[in-house]
Amino acid sequence: MTDALLTVEHLVVEFPSPHGTVHAVSDVSFELLRGETLGLVGESGCGKSTVAKAIMQVPRPTSGRIVLDGDELNTLDRQALRQTRTKLQMIYQDPISSLNPRRKVRDIVAEGLAIWGRGDGRSENVAEVMADVGLDPAAGDRRPHEFSGGQCQRICIARSLVLAPSVLICDEPVSALDVSVQAQILNLLEHAKARYGLTILFIAHDLAVVKNVSDRVAVMYLGRMCEVGPSTLVYERPAHPYTRALMAAVPEPDPDVPLGEATLQGDPPSPISPPSGCRFRTRCPIAVDRCAQEEPQLREVAPGHTVACHFAA
Amino acid sequence: MRRPSFPAVGGAPLLVATDVRTWFDTPRGTLRAVDSVSLRLERGRTLGIVGESGSGKTVLARSLLNLVFSRNAQQDGSVRYRGVELRGRSVRDMTHVWGQELAMVFQDPMTSLNPTLKIGEQLKESLWYHLGLRRHALHDTSVNLLRSVGIPEPERRMRDYPHALSGGMRQRVTIAIALACGPQLLVADEPTTALDVTVQRQILDLLQTQQRERSMGMILVTHDLGVVAGRTDEIAVMYAGHIVEQAPTRTLFHQRRHPYTDGLLRSIPRLANEPHTELAAIPGRPPDLIELGPGCPFAPRCPRATPVCLDVRPGLEQVGTGHAVACFNPVESIVRVAS
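These protein sequence lines are chains A and B, in that order.
Each step along the first sequence adds one to the number in the numbering used here, with nothing skipped, and position 200 is 233.
Each step along the second sequence adds one to the number in the numbering used here, with nothing skipped, and position 317 is 389.
Among the hints, a few may not be true.
Stated by the list, open to error - Sample of chain B residues facing chain A (criterion: CB under 7 Å; computed from the structure):
#1 235
#2 238
#3 240
#4 265
#5 301
#6 305
#7 321
#8 322
#9 339
#10 340
#11 341
#12 353
#13 354
#14 357
#15 384
#16 385
To be verified - To list a few chain A residues with every Cβ distance to chain B over 10 Å, as calculated:
#17 37
#18 114
#19 116
#20 131
#21 140
#22 146
#23 158
#24 244
#25 268
#26 331
#27 333
What the hints assert, rightly or not - With beta-carbon atoms standing in for the labels, derived distance ranges:
#28 B/345 with A/105: 34 to 40 Å
#29 B/166 with A/270: 51 to 57 Å
#30 B/165 with A/208: 40 to 46 Å
Worth flagging that the hints you see were computed from the coordinates, not collected in a lab.
Computed from a predicted model, the values in this text were never measured in an experiment.
We put the CB at the ideal spot given by N, CA and C, even for glycine.
Can you build the whole structure from these sequences, using the hints too?
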């Protein structure tokens with residue numbers, strides 16, 4: 034692969050719990066190429082948000098390497114990590130609860146600059162970023178509760194852009210928003226990406242949303258990577274049975290598209306005691322004995338398209 | 073204890089709502105959550121009510137079942153279930169209508185189940201109260217209900233508390249409870265919004281099978297046009313407390329006339345789109361239901377608005393068979409969605 038801006042290698046994140054160790058992320062590796070949008074999809078509990086947090090080193094992962102532009106984040110000390118982290122910014126699912134309700138919008142957007150001593154918070158920079166995300170700079174004197182969810186997400190995006198990051202991690206940025214507003218925010222992210230030269234890791238559970246913004250897609254299931262590849266390829270020829278099931282389950286807003294058979298039954302198993310071998314085998318329509326014994330590794334089925342399934346061709 | 077026979081009027085449609093209005097008095101003024109809504113549903117049919125958050129769809133669903141209890145609510149209009157007026161009935165009068173005739177499934181199964189009671193207890197409650205079942209019959213019926221909604225090992229699950237179940241399983245339990253006494257009308261308010269897409273699929277399939285088997289009437293309330301596309305006979309689109317367009321499902325998707333319906337359908341990201349497709353977003357945001365002006369509530373966001381739209385609210389007009397639109401400048405159909 035060429036020019037990886039962010040490399041994640043053998044990432045493992047485990048949490049202690051009263052019932053045993055939670056295997057949230059188990060041996061996940063991928064690369065985020067400079068200038069691309071990588072979509073990370075999976076159902077709740079598959080570890081996609083944990084991957085995002087592990088990249089930010091909050092908390093530090095159990096093991097694995099995370100390299101951003103040559104800096105190995107997991108070995109940096111606190112001070113160096115703080116400095117490097119300005120290149121990584123994150124926006125979250127619930128825009129309202131991620132803004133401090135007591136502060137003015139301008140101060141929220143300018144906080145990063147104030148912390149790093151770049152500008153005084155009333156700088157043109159702030160006004161410019163606010164205008165870029167479609168906020169009236171006059172809104173700077175108001176507080177978050179005066180804004181709708183969509184507007185609050187714009188504020189969050191402005192706050193993350195003001196430090197001119199190289200990587201933007203979006204964790205379910207539109208799932209709390211209404212459809213008509215969701216489209217505005219998705220378009221805004223695309224514009225911001227072009228204007229600020231961003232590289233985006235876009236995490237979402239909605240496959241249609243991910244397809245619309247991503248150059249490449251990575252599918253996770255129960256802490257493991259199932260399939261990674263260029264969006265068009267993964268969506269046209271999904272090679273992992275889980276990806277296929279996920280796509281078949283997306284409700285198409287068209288009454289002429291036949292519903293077809295639901296291929297997936299039951300719920301994902303617990304990440305406390307994941308199945309042996311392939312983690313998807315308990316719900317997989319094509320699982321055989323081999324899947325229980327032998328863990329499938331990611332292997333290339335087409336240029337740039339890798340799949341972790343014994344039967345992928 | 074015995075099930076009282078419901079005094080249905082022979083031949084009457086399952087549900088007819090006329091000019092339903094539910095307003096709330098708030099310190100800031102009157103919030104018009106549902107305004108002049110009329111609907112009709114026949115047995116065995118499914119109606120989708122689609123709208124964004126704050127469009128009044130949940131208040132409408134609750135109003136239809138007489139489930140609005142706020143002291144500050146002003147309620148007006150008529151809701152006739154099998155020919156009998158429900159509006160204005162006291163809770164006591166509704167006790168044997170809820171559960172036996174009308175039932176509801178809510179969005180969040182964790183908050184609609186009692187976390188301190190075992191699943192079995194919660195299922196048995198209405199069977200005991202409404203149907204007068206006791207002991208073995210009560211237990212067996214409960215187990216069969218759990219089995220019919222696709223819960224594995226129903227005997228064992230009866231003794232579980234809700235927290236021990238996954239979200240999808242919990243929603244199956246609330247569906248079992250809703251279906252326990254054989255209602256003829258089931259209202260499902262965002263039944264799958266809290267669930268993952270593969271589980272959503274299972275729950276929607278379950279609702280559809282049950283609706284067909286029992287030939288119930290069903291109202292499916294959702295914000296997701298994808299959810300109602302293949303599963304409803306008719307759809308009503310709500311915006312700011314009003315129905316702005318109502319049509320048979322295929323007509324609504326392919327010959328929509330209201331600019332809001334059109335904008336909504338265009339703004340949905342689709343699997344068929346190429347990566348980096350610019351979406352046709354609707355600018356602005358839904359209006360405040362307290363400060364609604366005299367005109368069309370969608371006018372400030374509408375690409376087709378004319379000065380008259382800001383002053384006069386358009387009423388629902390028939391534009392085709394079963395197809396009504398509230399707009400002065402409807403979209404000239406026939407738009408065929410690329411899929």
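Hint by hint, here is what the structure shows:
1. 235: 13 Å, violated
2. 238: 4 Å, holds
3. 240: At about 6 Å, which falls below the 7 Å cut-off, the nearest Cβ of chain A leaves the hint on residue 240 of chain B intact, so it holds.
4. 265: 10 Å, violated
5. 301: 5 Å, holds
6. 305: Violated. Min distance 10 Å.
7. 321: Hint on residue 321 of chain B: holds, closest Cβ of chain A at ~5 Å, below 7 Å.
8. 322: 5 Å, holds
9. 339: 4 Å, holds
10. 340: 5 Å, holds
11. 341: 4 Å, holds
12. 353: 4 Å, holds
13. 354: 4 Å, holds
14. 357: Holds, about 5 Å.
15. 384: 24 Å, violated
16. 385: 20 Å, violated
17. 37: The claim holds: residue 37 of chain A sits with its nearest Cβ about 20 Å from chain B, beyond 10 Å.
18. 114: 33 Å, holds
19. 116: At roughly 32 Å from the nearest Cβ of chain B, residue 116 of chain A sits farther out than 10 Å, so the non-interface label holds.
20. 131: The claim stands: residue 131 of chain A keeps its Cβ more than 10 Å from every Cβ of chain B (closest is about 18 Å).
21. 140: Consistent with the label, residue 140 of chain A stays out of reach of chain B, its closest Cβ about 24 Å off (over 10 Å).
22. 146: 28 Å, holds
23. 158: 26 Å, holds
24. 244: Violated, because the least Cβ-Cβ distance between residue 244 of chain A and chain B comes to about 6 Å, which does not exceed 10 Å.
25. 268: 6 Å, violated
26. 331: Label holds. Min Cβ-Cβ 22 Å, cutoff 10 Å.
27. 333: Nearest chain B Cβ is 21 Å from residue 333 of chain A, so the label holds.
28. B/345 with A/105: 34 to 40 Å: The hinted range 34 to 40 Å holds for residue 345 of chain B and residue 105 of chain A, with Cβ atoms some 37 Å apart.
29. B/166 with A/270: 51 to 57 Å: Given about 54 Å between the Cβ atoms, the range holds.
30. B/165 with A/208: 40 to 46 Å: 41 Å, holds
In terms of the numbered hints stated before, the structure departs from hints 1, 4, 6, 15, 16, 24, 25, listed from lowest to highest.
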